[in-house]
Each structure stands twice: as structure tokens, then as C-alpha cells.
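2 protein chains.
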Amino acid sequence: MKFRNFKMVDYVVYGRGCFDQLDEILAPRRKNGQPMVFLLDHYFANDHALRTRIPLRDNDVLIDADVTTEPKTSYVDELAQRLKDTYGTVSGIIGIGGGSTIDLAKAVSIMMTNPGKAQDYQGWDLVKNPAVYKVGVPTLSGTGAEVSRTCVLTGPTKKLGMNSDFTPFDQIVLDPELIKGAPKNQRFYTGMDCYIHCIESLQGTYINAFSRAYGEKALELCQDVFLTTDWTDESDEKLMMASYAGGMSIAYSQVGVAHAVSYGLSYLLGTKHGIGNCIVFNHLEEFYPEGVREFHEMVRLNNIDIPVGVTKGLTDEQFDTMINVSLGMAPLWENALGKDWQQQMTRERLRALYEKL
Amino acid sequence: MKFRNFKMVDYVVYGRGCFDQLDEILAPRRKNGQPMVFLLDHYFANDHALRTRIPLRDNDVLIDADVTTEPKTSYVDELAQRLKDTYGTVSGIIGIGGGSTIDLAKAVSIMMTNPGKAQDYQGWDLVKNPAVYKVGVPTLSGTGAEVSRTCVLTGPTKKLGMNSDFTPFDQIVLDPELIKGAPKNQRFYTGMDCYIHCIESLQGTYINAFSRAYGEKALELCQDVFLTTDWTDESDEKLMMASYAGGMSIAYSQVGVAHAVSYGLSYLLGTKHGIGNCIVFNHLEEFYPEGVREFHEMVRLNNIDIPVGVTKGLTDEQFDTMINVSLGMAPLWENALGKDWQQQMTRERLRALYEKL
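First to last, the sequence lines map onto chains A and B.
Taking the numbering used here, I'd label the letters of the first sequence as residues 1 to 357.
Taking the numbering used here, I'd label the letters of the second sequence as residues 1001 to 1357.
So here's chain A without its partners, still in its complex pose (with noise of 0.2 Å):
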């Protein structure tokens, strides 16, 4: 198809405080003696008050997910066998947490049902069978993972995620108040993935209307709550309909220069993705000066460090790594620099670019 037939998540419920309602929307979904299991993000490991309000009835599951590197195929094999050989199968999987877990849950969801491994589905539309009902439930925003059509897993061969039509959500559940507390460094790195991915895709040339009325609300949004040295209960809410609009608006748009480059540091270097965008687009004023303008303000207001001095010391065979593994990104280059990206985008360049990082 020349336009992509876009699977939207079939029920969104947003307001403050609507986490409450999970246990009456997880109600009708539960199926006898079949478990809904919930994968809460390791940072809440400790958090008394948020682990209570976890709507868990008869024999249902509660794992801590590891997500201190990003989410590995290998995990994900282990959580759903894991799953599989104690009840068969499960009512469902609700991933509460960052981008992470909201990844693993949807993978997870997928492998319940999916015979072999998960390195098997990464790629576009190898899912065969649809996933066991899933639920996102994002503490975190910016990734816009909660309304993705992906989940981002890094397997032997590949950092990739499953795109299918069986991956997105059969429900979201946006409630401002549990990004809240979240340490504030690591929301900016995960609203400035937000905010980096508008740049791209407002400035790419693939977009269309669609993606540019999201992507431009998105941008909006993330300079309104940004720009500012006050955070407000409203920038929360702000920015979780930021993330939403962003992720939304992929449909029919792609990521740029920072995303490709990034890519290569997180797979050399493990770096998380957000804080890998930020600090690639740190130094992107060539593609984006008026974006890398805005971001050094955004920095600067909100008092963040942006690492920098990541790739020194690299051998030339690692920058080589990074390089291939950018220059393997095509859709994000001909989206930033037009048809003829490789002529423009050479190895020297993109390596001087990674020295600076």
C-alpha cells in the first residue's frame, strides 16, 4: 500500500488519577483462572503507595521488570516461557513503568502467542497471531512507545523492534499524575526524545498532513512545559499529551539525523535512547539550528547536564561500528537529507560528527 493502513490502540482513557479505574477495566477482560500479569517498571522496586494501588485480584502475577539496559530479546523469552510453563497462558500483560517496560509488555504480550523466539518477529509485519490482551500504562513521557505500532527489543543480530499490527495496545491508560514523580533529569532526556523527533519529522521530507498536525502539537507542547524554569501539575499533563501526539504522529513521518547517529551509540555503548538523542542533538546545529538553538535553552533553563566527551578514547574499529550501524538507518537519512543523503552523508563526516559527541 502507498499509505500505511495505520492500527490505532483500541481504548484510551486520560485523566488524573484514572489509574483507579484499571481494576474495572481489567474486569471484563479476565478470563477464568487465567492470570493478569503485571510488569511494573524496577523503579517503583520500593515504592509502598504505588504497589498497593496495583489492582491485583485472585492469582494474579507481579513482576519487577529489569529494565536497567533496554529491553533484550533473551528477556523476553525468558518472562513469557516463564509465564507459559506456570498458567498456560494469561489474561493479560500490564506494563506500568518508562519506555522499557511498556516495550516488554507488548513483546511479551506477543510471545504468549507466537511460537519461537522473539528475535524471530523483529522486523516489519512477521507477527502471526494476535497478542494476549495487552495494557500501556506509561510513568514516563516523550517516547510516545505508549501508541507505537513497535516495541524496541536488541536481539543477537539487531537492535530492532516487532512493527505489526498485533503490537499496539488494546488499552492505554494516561494518567498525568503518575509521571509526576519522576526524577527530573530523566524527564527531560525522555520529553526531549519527544521534542527531538518533532524536529526531525516536522523537518523531514516524508511528512504529510496527518503527521505534521500531531507532530506540530507535540513540538508545542514539549516548548510550553520546557521553555519554562516552573514545572506545574499542567506541564505533566502537557506532556503526556505531547508524547501521545508525538507517537502518533510516526504514522506517517520518520526520525532524522539524531536518531540515526544515535543509534550507533546505543549500539556500541549501550547508551538509553533518550539521553543518546540529547546528546547527539547537542551538536546538530548544521541540520537543525533553529532546534538545537531551542534545545541549548531548554538545557539551560532546566539546569540538565548533557554528557559530553562519550566517544573519546574510541578505537577506530568501534567508530567504524557505530558508523555501519548508522549508515544501515536509510529511511532516517533520506528523510533528513532528501534521495541523495549518501552523497552528502559520508563515513569521514559522520565520523567527525561522532568525535565531537
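The hints are simulated quantities; they were obtained by calculation from the structure and are not laboratory data.
Only true hints are included.
In the BS3-like style, the derived pairs of lysine-lysine whose C-alpha atoms are separated by at most 30 Å in a straight line are: (1) A:Lys128 - B:Lys1007; (2) B:Lys1002 - A:Lys7; (3) A:Lys31 - B:Lys1031; (4) A:Lys7 - B:Lys1180; (5) A:Lys356 - A:Lys312; (6) A:Lys2 - B:Lys1007; (7) B:Lys1159 - B:Lys1002; (8) A:Lys7 - A:Lys159; (9) A:Lys158 - A:Lys2.
Since we're looking at a predicted model, the values are computed, not measured.
Given the coordinates of chain A, assemble chain B onto it according to the supplied hints.
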């Protein structure tokens, strides 16, 4: 539930010319021997070019939908009965047209699988069974009917939609080329449905950050296209997105005075929704001063005739009927004027307003 759990449309395709993907989109939904039924707005009765692009296969049916008046429950029943008598069941219903045709397609899809009469389901969450597969293809933009969870119908006792989680479409096809040929006045009236809805909801007391994000974007897009004298392809693209965003914004917001008053007009005089809202909004300076000023500017720039004097010569009894219908819309008034709306909007004040129209 305190916050509405909003059922989204399942699939969205947006793009200039994407109507040509309809055949491919429908293919996996076809069931052996059961036709796809295309309900085509009677406005296109002689549009050979469009008719030949409709992907009719096997025993598919093309029905010219008579939307001279907004859809009646009796017409829904008649169409559904005819299809049941002839085919037993169908693979799907595809509505191609303006808001009336879009709503008609939703209603007929529901009545293919639910017993009794359409009037039995006018209200909230009365629909019991999932509808047959249904697709909406708008050829006019503004009402937001393509994404709403209702389909407004005039029944023997009331004008009220079938509000339910089974009402939203499985698929919408948003092709800006299809709205290109709309008559200028009609395009304006329907577009203003979106504009007025945004003004009412953004100034209302019910709104939250989710609906505000969508409402603000829809408003901005309406301003972009109607605060100018040029109409371009880009205007069609933006107006189509304005309608979509305006429809989404209804999730956590409500309309206001213009809609409440125009419902009375529509009930008594059969005034269509778009033009009815314009007739009323034209005189609402005291409630929406900025919005009405801008509306007058749009009317002027687009050289549109807004009818006046439509209530001239009506009897006291007729005024009373309109007032009763209008004051029955409690949530609209509360959203517009606050909890003490009954003190503010007396029968006398409303009568004076109706007399101005």
C-alpha cells in the same frame, strides 16, 4: 467510571489518493458469498468518475443513500431489513459521503446484528452486539463523525445518537482529494461545525488536557483555511485533519450554546446541523465574543450567506417547542455556563435569542 474510556477507530489511512487502496483494505474482510455494501451519498448519484472507482466485486451492492434529510431511524431499519432479507448478512458496510451518510453507515452496520428497531438504541451504551465490519470515507470534513462514538439519528420521539463502543468505525479512509469538489457553501457550513465545536469546548468547563490538545489543533487548522480567500489542495488536507482532531477532542469535552440552540431549530424546522450551527453562532457575541468576531470575518472572507430571519412568524407554541428541546440539553448548557446555568438561561432569555435568528 470517572473518566471515559474512549474507544478509538481501529485503522486510519490518510493520504491524497488513498481511496484507491480501499479494494486492498477490504479484501481480507470479505466473507464468502457475503457482499460489501457501499452506501454512497446521493450527492454523487451522477458522479461517474467516483462511482467507477468504488471497488465492487462479486455480489457487492452500491446503494445511493438518500440524505436529503438527516438520517431517520426508519430509514436505517428499512436499509438493514432489505440487506437482511436479500443476503442474510453482509461482509461490511462502507459509508462514502458527508456526515449524514457516515452516520447512516454506522447505524445500518449496528442494525445488521442487533434485534429490534434502530430507535431502541438511541441513547448511551444500549447496543448489545458488535456491528458488522464498517468503514467511513468522508467526502466532507468538519463534523468529526468519522471518529465519533455516536451516529445521530432522528427517531419517532427524539433526535439522538446510538452512543456505544460498537459505534466507531473499524476503518476510516481519509483522502483529501475526495473533499476537493465540495460546494463552497456546504464546505463552509460543515467546516464551521468543527470551528464552533472547538470554540464551545475550549471555553467550556468540562475540558481536560487531552481534549484541549486536539481542540486547539483543530481550531488552528480551521483558522488556517477559513481566514483566507484562497482555497488550495493544502486547505483540503488541513480541513480533513481539523475534522479528525475536532472529533477526537470530543472525548473529554462537550459543545455549548450554539449546539444547544441549533438542536431546537433542527428539531422544529429540520435545519441541517452545519448551517444550523452557523445561523445560531452568528448571534452569540455575548457568549463567545472573540469566536463570533472571527466567525464573522470568515463569513466575509469566504463570501458566504448565513440565513437570517429563520424564526420569523413562528407561533408561541413553536418557540416553546424549540426552547424545550434546547433546555433539555443539560450537559451542553452546564459546559457553557457552569452549574448554575438554569439561573442564567431562563426561558425568556432563550426565547429572545431564538427571535434574533
